[in-house]
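Q: All chains should be modelled from the sequences, with the hints used to inform the complete structure.
Each protein sequence line maps, in turn, to chains L and A. Per the numbering used here, residue 4 is the first one in the first sequence, and the count goes up by one each step. Per the numbering used here, residue 40 is the first one in the second sequence, and the count goes up by one each step.
Don't read these hints as lab results, they were simulated from the structure. The structure displayed is predicted, hence computed values, not measured ones. Do not take every clue at face value.
[As the list claims (entries may be wrong)] Derived pair list, reagent style SDA-like, types lysine to any residue, alpha-carbon separation capped at 25 Å: (1) 61(L) <-> 122(A); (2) 138(A) <-> 193(L); (3) 113(L) <-> 61(L); (4) 61(L) <-> 137(A); (5) 181(L) <-> 135(L); (6) 348(A) <-> 360(A); (7) 61(L) <-> 145(A); (8) 225(L) <-> 103(L); (9) 138(A) <-> 286(L); (10) 61(L) <-> 118(A); (11) 138(A) <-> 130(L); (12) 379(A) <-> 221(A); (13) 138(A) <-> 168(L); (14) 476(A) <-> 50(L); (15) 379(A) <-> 118(A); (16) 138(A) <-> 135(L); (17) 61(L) <-> 348(A); (18) 138(A) <-> 50(L).
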Amino acid sequence: MQAKQVRTSWNPKRILYSRKMAPYLFVAPFVASFLIFFLYPSIETIRMSFMSMEGFGKERFVGFYHYERLFNYHFGHAILTNTVYTACVLVIMMTVPIVLAVVVNSRLLKLRNMFRSAFFIPSLVSALIAGIAFRLMFSDMDSGLFNQILHLFGRESIAWNMGYSTGILMMVTLDAWKSIGINMVYCLSALQSIPEDIYESAEIDGASALRKFWFITVPMLKPTLIYIFTLTVIAGYRMFTESYVYWVDSTPGDIGLTIVRYLYQMSFQRNDMGFGSAIGIVLLGIIMMINLVQLRGFGMFGKEKD
Amino acid sequence: MKVKKLTALAVSLLLAVSTTACSGGDGDVAINDDAAKSPDTAETEEITEPADPIELTCWVNEAHTDIFEYGAELYNEAHPNNPIELSLEFYPVTEMHNKLLIALQSGVGAPDIVDVNLTWWSNFMQGDIQFVPLNDIVEPDLDHMVSSRFELYSKDGTYYGIPTHVGATCMYYNMDLIGQAGVTIEEIDAIETWDQYLEIGRKVADATGKAWTAYETLNQRPYWPLLNGCGLDYIDADGNVTMDNEENIAILEWMYDVFQDGLAVEAPGGDLINENFYNWMNEGNCASVLMPSWYMIRLMDYMPDLSGKMIMRPVPVFEEGQPRSTCVGGTPTAITNQCKYVEEAKEFLYWAKLSDEGSIGIWETCKFDPVNLNVWTDARLTEPMDYFSGESFFDIMMPYIEGGIPSPVNPSDAKSTTAQELMRNNVMYQVFVTQEKSPKQALTDAANEVRDLKD
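A: As structure tokens, then:
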């Protein structure tokens, strides 16, 4: 009996076709990659945030020292930069994509498909590559595109990358250019799922186009908007590339210093991996808190209870 | 039942792990291949036939490519039976440092030979040093080398990096612009102190309306060289933070006064090594800059309109007796402990950067001043340069360098990288761009931040 069982359990066909085994087999790659590439690094990051790495191969337990160090000018500045940046991007992402989606969804528009793809294509471009073009456009020389625009209004050229507010503007512009398209696609697909008859009955009641937009389109888009809002907040606080493309080696006056940039600077430029890990953990906390508050505000948790 | 489930899970994990193990296996095979090859090379040496070249992976600064390629040629001429082949990879300076740091932290993926910028050198001098000691190629030749350059890249008497150049500072004057103010070359020759320098600067600036000199606001020149010239630095030899001591503050305040007087301006683009500055300088907007020898090639390549108009002179001083030139910046080349052919790599570095032929190559290919003083009087180095009004850098600067030239004091200290980055990112910006802090305030704040770092 025993021998038989062993033999059958090693029959590869039996294993593959077994109802009990198959599910584990299918999830194995995911479980493995989760354990190796997510769980282990996460635990290791938490552990490292309590360690001081001294050069190579030496570490020492320092307790909450790295977390105490976070109360400094640079980190506060980085949180402020991320918050301002996220707020600016949010304002754009909560308005422009909807309007664009409504426009490219309109039957009155000719060449609709061309416009749709034109708005979407920037989302396919890597931010690093787009950044090269934007860096040239924001050049502080007279020949830079945005300085040329200033000249049209009779203004002097400015050094865009040397001022705080212009620096934020540069990063927001790059992100807006890149992300509006994908968010427009989300809105577009949501728009197309709104039943036509709701609009028809509104028309019978004599609703204007604006009222239809405000009282039908916007509420029906709410789930999509929450989705865009959540992702934009996460992306905003995790932002790195938009800063990196403009200020590669150093960020003058911490203009482009975001939380992740600070993490990168500490871990990889100053070899302070323990402190970098602590920044990472705090960033996780910040994003989680904002999203919890925001999802609660949108009533995402209330629904489940009801 | 539970046991079955657990075994099932274990089996699935095993499957996943074996997949990764297989992919790792490829690497192992490659290593075995190499090991199998080495006896071969030993055999072929005996019958004096050229063996397969040893491949050395080098991460280098792209501007230094020719130095390494020429060095490999010299090495292969000297060792026809045991040749090397370079696989050169280029990265931007910061990225190269970050990649190297990760490769050394994780113990895999580092190149055999690597260029490290001085700003980040200290990161590699902590804990168990991952570079190979180079004493046996450095010490025999040290008597005719600029020794302060080697001290810079050493720790506790062990040399870990081979310098690329002396990087001696000099003052580059645009004589075309200066001539427009009626100032003659003899007057420039007579400049010895900063007071004399500024006096002539006032004349030139008033007559031409152009800038007399330019400061970096995203980097540390000319502040750092000025400090070094006075024997000062951010961190002293004992590891104390000296960024906010009186002398350091006085020099930044002096720079600030010159800036307020309108004799110095912010360099367009924030430093002296970017396209915006090159264009501006090329158009003749600036009369003088304090830069190291390695700025020659940039002038020649990127500012062609200044050809025949520029001259080089030793740097003015605050008090008599101070050095008229200092070493600025630097890119040491090191061998990592992941290198499999350490002896060959050392020998190659010797040929590329220390030998007389290699040193001449450094000048001829990159226009850098080699650390090997033997060749400074060689005819190929002292040849007049058309770009610099028919003068030679070495003729002019040799008297100020052969007696020794100061380098930064303690760039191997753990705090040095942070200090330099704070100078670049914060102090210069706060003092010269936004002017939100006085030199004293900015330096005090930065110094306190560096002090707060625990050892």
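Q: Now tell me, hint by hint, if it's right for this structure.
A: Hints, verified against the model:
Our distance criterion of 25 Å between C-alpha atoms is broken by residue 61(L) and residue 122(A), whose separation comes to about 38 Å. At roughly 43 Å between alpha-carbon atoms, residue 138(A) and residue 193(L) are farther apart than 25 Å, so this suggested pair is violated. Restraint check for residue 113(L) and residue 61(L): not satisfied, since their Cα atoms lie roughly 66 Å apart, outside the 25 Å limit. Under the criterion of a C-alpha separation no larger than 25 Å, the hint pairing residue 61(L) with residue 137(A) is consistent with the structure, at around 19 Å.
Restraint check for residue 181(L) and residue 135(L): satisfied, since their Cα atoms lie roughly 13 Å apart, inside the 25 Å limit. Note on residue 348(A) and residue 360(A): the hinted pairing is violated, with a Cα-Cα distance of about 30 Å set against a maximum of 25 Å. Note on residue 61(L) and residue 145(A): the hinted pairing holds, with a Cα-Cα distance of about 13 Å set against a maximum of 25 Å. About 16 Å separates the Cα atoms of residue 225(L) and residue 103(L), which keeps this hinted pair within 25 Å; it holds.
Distance check on the hinted pair: residue 138(A) and residue 286(L) sit about 23 Å apart at the alpha-carbon level, within 25 Å; holds. The straight-line distance between the Cα atoms of residue 61(L) and residue 118(A) is roughly 40 Å, outside the 25 Å bound, and the hint therefore fails. For the proposed pair residue 138(A) and residue 130(L), the alpha carbon gap of about 21 Å is at most 25 Å, so the pair holds. Pair hint residue 379(A) plus residue 221(A) does not hold up; C-alpha atoms about 62 Å apart against a cutoff of 25 Å.
As the CA atoms of residue 138(A) and residue 168(L) are separated by approximately 32 Å, the hinted pair breaks the 25 Å bound. As the CA atoms of residue 476(A) and residue 50(L) are separated by approximately 39 Å, the hinted pair breaks the 25 Å bound. As the CA atoms of residue 379(A) and residue 118(A) are separated by approximately 18 Å, the hinted pair is consistent with the 25 Å bound. Distance restraint check for residue 138(A) and residue 135(L): the Cα-Cα separation of roughly 21 Å lies within the 25 Å cut-off, and the hinted pair is therefore satisfied.
Proposed proximity of residue 61(L) and residue 348(A) is contradicted: the alpha carbons are some 54 Å apart, above 25 Å. For the suggested pair residue 138(A) and residue 50(L), the alpha carbons sit about 23 Å apart, so the restraint of at most 25 Å is met.
When each numbered hint is compared with the structure, violations occur for hints 1, 2, 3, 6, 10, 12, 13, 14, 17.
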